[in-house]
Amino acid sequence: MAAAAGEPRSQQPGGPGRLLLALAAALALVAVVAVSTGLRTRPAHRVLTMRLAPDRPTALDPAGCPVDIACQLRAEVPAALTRAVQQAFPRARLQWRSSTESGPGQVWRITAQFLLNGDQDSLLVNAECQPDASQRIARRESSSAQQRSDLAGNQVSELAVHEVVAPGAPGCSSDLIVSAVGDGAGYDAGLQRLSADPAVQVRS
Amino acid sequence: MTDPEADWPVLRVSDSDIDTPEDPDRSRAVPLRPAEPERPPRRLPAVPLRWCVAAAVTALLAAGAAVGFAGYRARTITSVQRVAPPPGGVDAAGCPPGDTCTALSGAYSGLAQALTAHLPGSVVLFSSELVDSGATAWARRLRIVQLPESGVRVLAVVQCRPDQPPVQPSRRNLAGSGPAVAVLVRPVGTGCALSLVADVPAGQPVPAAALLAIAADPDTAIG
Chain A
1 MAAAAGEPRS QQPGGPGRLL LALAAALALV AVVAVSTGLR TRPAHRVLTM RLAPDRPTAL
61 DPAGCPVDIA CQLRAEVPAA LTRAVQQAFP RARLQWRSST ESGPGQVWRI TAQFLLNGDQ
121 DSLLVNAECQ PDASQRIARR ESSSAQQRSD LAGNQVSELA VHEVVAPGAP GCSSDLIVSA
181 VGDGAGYDAG LQRLSADPAV QVRS
Chain B
1 MTDPEADWPV LRVSDSDIDT PEDPDRSRAV PLRPAEPERP PRRLPAVPLR WCVAAAVTAL
61 LAAGAAVGFA GYRARTITSV QRVAPPPGGV DAAGCPPGDT CTALSGAYSG LAQALTAHLP
121 GSVVLFSSEL VDSGATAWAR RLRIVQLPES GVRVLAVVQC RPDQPPVQPS RRNLAGSGPA
181 VAVLVRPVGT GCALSLVADV PAGQPVPAAA LLAIAADPDT AIG
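Residue numbers (our numbering), protein chains in the order written: chain A, 1 to 204; chain B, 1 to 223.
One or more of the hints may lead you astray.
[What the hints assert, rightly or not] A partial selection of chain A residues facing chain B, derived with a Cβ cut-off under 7 Å:
{"hint": "1", "residue": "V30"}
{"hint": "2", "residue": "A31"}
{"hint": "3", "residue": "I69"}
{"hint": "4", "residue": "L73"}
{"hint": "5", "residue": "V77"}
{"hint": "6", "residue": "Q113"}
{"hint": "7", "residue": "N117"}
{"hint": "8", "residue": "S144"}
[Claimed, not checked] Short, incomplete list of chain B residues facing chain A, as computed with Cβ under 8 Å:
{"hint": "9", "residue": "A62"}
{"hint": "10", "residue": "F69"}
{"hint": "11", "residue": "A70"}
{"hint": "12", "residue": "I77"}
{"hint": "13", "residue": "S79"}
{"hint": "14", "residue": "Q81"}
{"hint": "15", "residue": "R82"}
{"hint": "16", "residue": "D91"}
{"hint": "17", "residue": "A93"}
{"hint": "18", "residue": "S122"}
{"hint": "19", "residue": "F126"}
{"hint": "20", "residue": "L147"}
{"hint": "21", "residue": "V157"}
{"hint": "22", "residue": "Q164"}
{"hint": "23", "residue": "V183"}
{"hint": "24", "residue": "V197"}
[Claimed, not checked] Stretch by stretch, here's where chain A covers chain B in the computed footprint (C-beta under 8 Å, at least three residues):
{"hint": "25", "region": "47-60"}
{"hint": "26", "region": "103-114"}
{"hint": "27", "region": "202-211"}
Calculated directly from the structure, the hints in this document are not laboratory data. Remember, predicted model here, so these are calculated numbers, not experimental data. A virtual CB, placed ideally from N, CA and C, is assigned to each residue, including glycine.
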């Protein structure tokens with residue numbers, strides 16, 4: 001009894017000490033539970049997709065120049081284009097040629113028109129590149145015809161239009177149109193061959 | 001009154017049968033039940049108060065860090081993807097992507113009528129019309145004619161792209177004579193524009209009046 005009474009008061013785990021120890025134990029338990037929960041939890045991922053409004057592309061005006069870019073129109077087309085057309089259609093005769101460019105090598109549109117067979121059938125080559133366009137143009141084909149009914153009731157084609165849009169470099173393509181009296185079937189092979197020729201593109 | 005213990009047998013014990021304190025071996029052989037010793041009360045080990053404070057503060061910090069760690073692990077990561085549609089995409093025929101377009105002869109369009117009216121005697125070299133079945137209302141009509149006497153050729157294109165800014169009117173090389181390439185561009189209607197390009201041979205006058213009349217003709221408008 002004499003030794004216990006001689007201990008200093010700070011050595012006694014009295015009321016405040018016990019309370020602090022209990023608090024520390026509770027907090028330690030909370031820490032253990034929190035760490036355990038954190039280790040078993042993975043961050044949730046949420047992806048928000050924002051579709052931006054389409055940028056208004058700078059298109060070519062009807063003359064073939066970009067709307068906001070000054071360019072010149074020339075009455076000439078590349079010689080390679082003429083050669084490619086004459087290889088596909090040996091009797092082709094050049095009637096119209098024009099191209100637009102805003103600087104050396106910066107060509108936007110090439111337009112050439114050929115007579116294929118006398119003065120009746122015609123081929124139009126219109127190749128162009130859209131400014132700021134990065135998407136590759138899809139190939140497509142279409143045909144239409146003006147028809148009449150003969151005495152037997154058959155539909156007879158009077159004027160046929162065959163069109164092939166061939167993709168070039170991204171944003172570039174070439175529109176090939178054959179307008180022919182009759183059904184124009186004799187030009188299909190040449191049209192397909194010409195559409196595969198990179199010479200009909202502004203950029204391929 | 002009789003004594004009830006009077007009839008009990010009497011056990012005679014000699015002095016040699018009695019354990020004595022002077023015989024320690026015999027006291028261990030027949031132990032006596034000792035009295036329960038008085039145990040001291042259980043007491044916690046003494047902990048200084050400052051250690052208790054330090055433990056509480058440390059536990060508090062650890063709990064805070066652990067709760068923060070749990071919150072960090074349970075966070076939601078939000079990623080924002082900005083998807084921009086590819087710009088452009090209209091093909092060389094003037095057909096927007098995804099639409100079904102067909103080329104027709106365009107022989108009976110208003111553009112053909114205007115060219116025939118203001119360039120009498122002209123020969124049609126080519127004529128086409130883009131028909132877009134989609135909802136974009138894009139269109140293009142193209143016609144090439146030639147004046148047999150002068151050899152002047154005119155390329156006329158009218159196109160509609162409602163999503164585009166208005167085309168600024170312009171004219172170039174309308175005065176004088178060939179060789180020249182005369183260009184006349186003007187808007188016609190909403191979102192539409194007309195261009196006239198004349199390839200004028202050497203020595204031939206530019207048909208400026210006819211070009212201006214065609215450009216002012218309301219028949220050239222689409223729709």
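Per-residue hint verdict: V197 (chain B), partner chain A, C-beta under 8 Å: holds, 6 Å
Interface hint status, Q81 (chain B) versus chain A (Cβ within 8 Å): holds, 5 Å
Evaluation of the interface hint that places V157 (chain B) against chain A, nearest CB under 8 Å: Holds. Min distance 4 Å.
Hinted contact A70 (chain B) with chain A - closest CB pair below 8 Å: holds, 4 Å
Q113 (chain A) as an interface hint toward chain B, with CB separation required under 7 Å: holds, 5 Å
Closest C-beta approach of V77 (chain A) to chain B relative to 7 Å, hint status: Hint violated; V77 (chain A) Cβ to chain B Cβ min 12 Å, cut 7 Å.
Hinted contact V183 (chain B) with chain A - closest CB pair below 8 Å: Hint on V183 (chain B): holds, closest Cβ of chain A at ~6 Å, below 8 Å.
Hint check: 7 Å Cβ-Cβ cutoff, V30 (chain A) to chain B: holds, 5 Å
Restraint outcome when R82 (chain B) is required to lie within 8 Å of chain A by C-beta distance: Constraint on R82 (chain B) satisfied, holds at 5 Å.
Within 8 Å of chain A's CB atoms, at least three CB atoms from the region 202-211 of chain B: coverage verdict: violated (count 0)
Restraint outcome when A62 (chain B) is required to lie within 8 Å of chain A by C-beta distance: holds, 4 Å
Interface hint for D91 (chain B), Cβ within 8 Å of any Cβ on chain A: Since chain A brings a Cβ to about 5 Å from D91 (chain B), closer than 8 Å, the hint holds.
Checked against the numbered hints given earlier, this structure breaks hints 3, 5, 7, 18, 20 and 27; the rest are met.
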